[in-house]
Structures are given as structure tokens and as C-alpha cells.
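**Student:** In case you want the letters, here they are:
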Amino acid sequence: MDFLEALILGIVQGLTEFLPVSSSGHIELAQKILGADDLKDKEALLSVVLHAATALSTLVVFRKDILEILQGLISKNKKHITFSLAIIISMIPAAFVGVFFDDFLESLFEGNLLLVGSMLLVTCGLLFLADTAKNTNNEVTVKSALIIGLAQAIAILPGISRSGATISTSVLLGIDRTKAARFSFLMVVPLILGKIAKDLLDGKFTFSSELAAPLAIGFVASFITGIIACVWMIALVKKSKLSWFAFYCLAVGITAILWGLNVSA
Amino acid sequence: MAKKENTPTDFVFSKQNYVLLLISLAVIVVGFALLSGGGSDNPNEFSEEIFSVRRLYVAPIIILGGYFLVIYAIMKKPNKEI
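Sequence order for the protein chains is A and B.
End of the first sequence sits at 388 in the numbering used here; the numbers just go up one at a time, nothing left out.
End of the second sequence sits at 700 in the numbering used here; the numbers just go up one at a time, nothing left out.
It should be emphasised that the hints constitute simulated quantities derived from the structure, not laboratory data.
Worth double-checking, as some hints may not be accurate.
[As the list claims (entries may be wrong)] If you want the ones that stay clear, here's a sample from chain A, every Cβ over 12 Å from chain B, calculated: (1) Leu138; (2) Asp226; (3) Ser241; (4) Phe328; (5) Leu373.
[Stated by the list, open to error] Straight-line alpha carbon distances no greater than 20 Å define the calculated EDC-like cross-link-like pairs of lysine to aspartate or glutamate that follow: (6) Lys695(B) - Glu191(A); (7) Lys155(A) - Glu233(A); (8) Lys695(B) - Asp254(A); (9) Lys361(A) - Glu262(A); (10) Lys694(B) - Glu191(A); (11) Lys694(B) - Asp188(A); (12) Lys361(A) - Asp254(A); (13) Lys318(A) - Asp225(A).
In this text, all values refer to a predicted model and were calculated from it rather than measured experimentally.
All C-beta atoms in this analysis are idealised placements derived from N, C-alpha and C, irrespective of residue type, glycine included.
For reference, chain A alone in the conformation it holds in the complex (with noise of 0.2 Å):
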């Protein structure tokens, strides 16, 4: 691995974790164009240390909101408990999905442009809808959570966007834009560390000195990135602006599709 693809893998990560364009599904198309198979795994070591830094952004660009619920925790804000019960409930269909089925899923989907192309479909569909939500004035309930949850564990399927498909979720059941932006990027962040802790607990890594400067040009790549593309992203749900990334999701699901027909033919 060497500093420039460290710094474009960094960038790249910052950029996909919260803007609404699949990660997931841009790096099963890399790896078919790259015709680089192994891609995930030979870079397993560098994706937890880059998950770790845009897990790091969230809280940093949350820092005062996240502070402001631990308070409400202790001082048993009502208002504060509902938000973290959420939170965790939105949780459990994605650990339910990644736990049972992420095999299952990473088989049905891995080098297969036809699906991936159509689930950028649906992305870019849902970013359309999003859009056009309106009366969005309602707060994250528990009821509402679940049903984020559940688009939340749908957006596992490499080609639909996490953050394009909670956030687009939330605003169609009438939450505030600025707060289904705040709470697609927060539910994600215990996910990510669990995900961290049991990667590294299973000691499946190795570390050699030559890794340890790319890793940490990759970690403040995504860092930086990563705190850039949070708040962008929360001005553009603001803005109803989503429908940008709905025009690349489209474009990009289209050729995916014709290449995966191109391929098959």
C-alpha cells in the first residue's frame, strides 16, 4: 500500500460515509474495474482504521449535541432518554442483518453489477422523494427508529446509501431535516465502534512498520473529509439538495447496469 492510494482510499471514505452515494457499491464496481478481487481484504486493517476516523468526525461535528444527551441521560430528560432509546432500537435490524445474514448478502451481491446498479436505483430514487417530503416537522420517536432502523439494515445491500436511505426515510415519515440528518450520522457511530472492537478482539490483523505511515496519511485523510462531508451534508438535507446525488446515483446505476448486461451477454 503506498501514500497516494492510502490518501485516495482516505478521501474516499471521508466523502461516502455521509454523502448519499453507496460506499459499499462504489467499491464492488472498483474492484470489477480495478479487476482487484481481494480489494476488502488486503485492505482490512486500513478500512478499520478510516471507519474509526469518520466515526471520529461524527463526534466531533456532534461533540456539543452528544454532550448535551449524556447530561440529559443523568439529569433523566425525558426528552433525551426517548432520543437514546431510539438510537439503540435503530440499531438492532442492522446487528441482526450484519450478524446472520452479512455472508449471505456479501456472496449474492459480490461482482454483480446487474444488482448493484439496480440498488443505486433505488437510491437515487429514494434521494428523489426526499426531496419532495414535505410537512417535516416531526421528532425521532421509537416507532419512527425502528422504521430508520430497518432502512438502515435494507442499506447493508451494496448499492444503497446508509445515509441516502435513513435520511430519506426519516424525512418521508416527517422528521425535521437538520434532525434526520443528526440522527442518520449518530445511530451509525455504536454500530461502527462495535464493528472496530470485534474486529480487532477476533486478531485477525497484522502491522508491519512500512503500514504505519500510509495508515496514518489514510486516517487523517478520512478524518478531514469526513468532518468536511458531515457538515455539507446536513446544509444540503437542509436545503433539499439531495437530488444532486440522486443524478450521479442514477448515471452510475445506469452504466453499472449495461456493463453488468455487457458481461453476462
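On the provided structure of chain A, position chain B as indicated by the hints.
**Tutor:** Only chain B this time, still in chain A's reference frame:
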């Protein structure tokens, strides 16, 4: 007047936060250093070192500890200056 909401960009750190961040990054670096090694010079030779307690347990726990310290460093409220 409507209550001013927390803006996402409002995340100023104090000196204490930066010191804690540097300490936690040092802990992570130590963890990664402990994760290294374990390979064999000869690919046909098996090295028991790859399954050492240091690599399997100590290093991951130190790295995780470092990450939790980073989280604490980010979340720690700066002391109010008079």
C-alpha cells in the same frame, strides 16, 4: 426569540483536549507497534509468534483503549476560564 440551536461547526477544543488527543494517539501508536511482527522469514516455516498473547490480546486491547481515550478527549468539556 427562538432558542439558538447547536450548530454542527461549533466544536472548539481547549488545550486540555489537544493534550489528551496527543496522549491517546501515542497509546494507539504503541498498540500498533505491539501488533507488528509474528511473521516467519522462511515461508515454509511456521512461526508460533503469530499467535502470541501480545499480538492477539494485548495489542488490540491497547488500540481500543487508545480509541476510547480519543473519544474522551473529543467529548471532554473544556474547563471554564475565569
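**Student:** All hints are to be evaluated individually against the structure, with a verdict given for each.
**Tutor:** Right, here's what the structure says about each hint:
| no. | hint | verdict |
| --- | --- | --- |
| 1 | Leu138 | holds, 17 Å |
| 2 | Asp226 | holds, 22 Å |
| 3 | Ser241 | holds, 34 Å |
| 4 | Phe328 | violated, 6 Å |
| 5 | Leu373 | holds, 28 Å |
| 6 | Lys695(B) - Glu191(A) | holds, 11 Å |
| 7 | Lys155(A) - Glu233(A) | holds, 10 Å |
| 8 | Lys695(B) - Asp254(A) | violated, 36 Å |
| 9 | Lys361(A) - Glu262(A) | holds, 15 Å |
| 10 | Lys694(B) - Glu191(A) | holds, 12 Å |
| 11 | Lys694(B) - Asp188(A) | holds, 13 Å |
| 12 | Lys361(A) - Asp254(A) | holds, 10 Å |
| 13 | Lys318(A) - Asp225(A) | holds, 12 Å |
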